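Please work from the sequences and hints to get the whole structure.
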Amino acid sequence: MNQNKDLTFLAEGWRSFLFDEFSKPYMEKIRLHLKNELQAGHTFFPPKDKIFRALKLVDYDETRVVIIGQDPYHGKGQANGLSFAVENGTAIPPSLNNIFKEIHANTGKRPTKTCLESWANQGVLLLNTVLTVRENMAFSHREKGWEIFTDKIISLLNEKESPIIFLLWGAAAQSKAKMITNPNHKILKSVHPSPLSAHRGFFGCKHFSTVNEILKSYRQNEIDWNL
Numbered sequence: 001m002n003q004n005k006d007l008t009f010l011a012e013g014w015r016s017f018l019f020d021e022f023s024k025p026y027m028e029k030i031r032l033h034l035k036n037e038l039q040a041g042h043t044f045f046p047p048k049d050k051i052f053r054a055l056k057l058v059d060y061d062e063t064r065v066v067i068i069g070q071d072p073y074h075g076k077g078q079a080n081g082l083s084f085a086v087e088n089g090t091a092i093p094p095s096l097n098n099i100f101k102e103i104h105a106n107t108g109k110r111p112t113k114t115c116l117e118s119w120a121n122q123g124v125l126l127l128n129t130v131l132t133v134r135e136n137m138a139f140s141h142r143e144k145g146w147e148i149f150t151d152k153i154i155s156l157l158n159e160k161e162s163p164i165i166f167l168l169w170g171a172a173a174q175s176k177a178k179m180i181t182n183p184n185h186k187i188l189k190s191v192h193p194s195p196l197s198a199h200r201g202f203f204g205c206k207h208f209s210t211v212n213e214i215l216k217s218y219r220q221n222e223i224d225w226n227l
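Residue numbers (the UniProt record's numbering): 1 to 227.
Mixed in with the good hints, there may be bad ones.
Said to hold, decoys possible - Derived pair list, reagent style SDA-like, types lysine to any residue, alpha-carbon separation capped at 25 Å:
1) Lys176 x Glu159
2) Lys160 x Thr90
3) Lys109 x Thr90
4) Lys144 x Glu28
5) Lys216 x Ser197
6) Lys216 x Lys144
7) Lys160 x Glu147
8) Lys152 x Thr8
To be verified - Distance windows between CB atoms, simulated:
9) Gly89 x Lys178: 35 to 41 Å
10) Glu213 x Lys24: 35 to 41 Å
11) Glu213 x Asn36: 25 to 31 Å
12) Glu62 x Lys29: 27 to 33 Å
13) Arg219 x Cys115: 27 to 33 Å
Note that these hints are calculated values from the structure, not bench results.
Being a predicted model, the structure only gives us computed values, none of them experimental.
Note that CB positions come from ideal geometry on N, CA and C, so glycine has one too.
This is the structure we're talking about:
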C-alpha cells in the first residue's frame, strides 16, 4: 500500500472525504502490517487493487443502501473487495447462498451473479468493517486499524443529507447502529445470514423488498437484486 496510489483506488468523492485518513498513523500501521505479512511469506486477500473496491464502485453521493459485512473471505480467489461477494465462477459461500435464498423467497427470483457488482452499480455500498485477511485465517487482520477507517466511512455516511438504508445483519454489524444517528436514514436489522443463524430470523426478514418500498417512498429507483 502507498498513500498516493491508494487514493487512486477510490472514487472521486471518497478520495476528497478520506484524503486525510491516508496520512494518519493508523493507516501507516495498516501499511506496515500488510508489508510484514508479505515479507513473512503470507498472502492476504483481497488483492491490493481490490482492497478499496467498494469505495471505487459506489461514490459517496451515489450511496443509497449500505450492507455491512465483517472480514473478507479468506480462501484463494474468493474476496473481491465487496462484502459477502465472491468472483463469478467461484463456489458460492454459505452466507451468500442464504442471501440469495432470501432474495428468491422475497422477490420470486434468484440472482445468478455472485460478484454483486450490479448491486454496487445501483448504489449499494457493500462494506466490510475489516478490509483484508490472511489466507486461510479468518479474522486475522482485526484490530490492525481497519476498524478506524471503516468507522470513519460510516460516520461520513451518517452526515449525508439524502437518505440511506443500512442493512445490519448480525451482532457485529448491529454494533454500528449507534453511529447512525441521522433521522433521515433507515436501519433494518436481522441476524447474520450464516447457516448458524439464518433460520433464527434472516430467512423471512424481507429486507430486499422493504428496501425497495422505502426507495419508492423516496421516489427513487428500486434496486434490482436479481441482476
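Handout entry: Those earlier numbered hints the structure runs against, lowest number first
Key = As far as the earlier hints go, 2, 5, 6 and 11 are violated by this structure, in ascending order.
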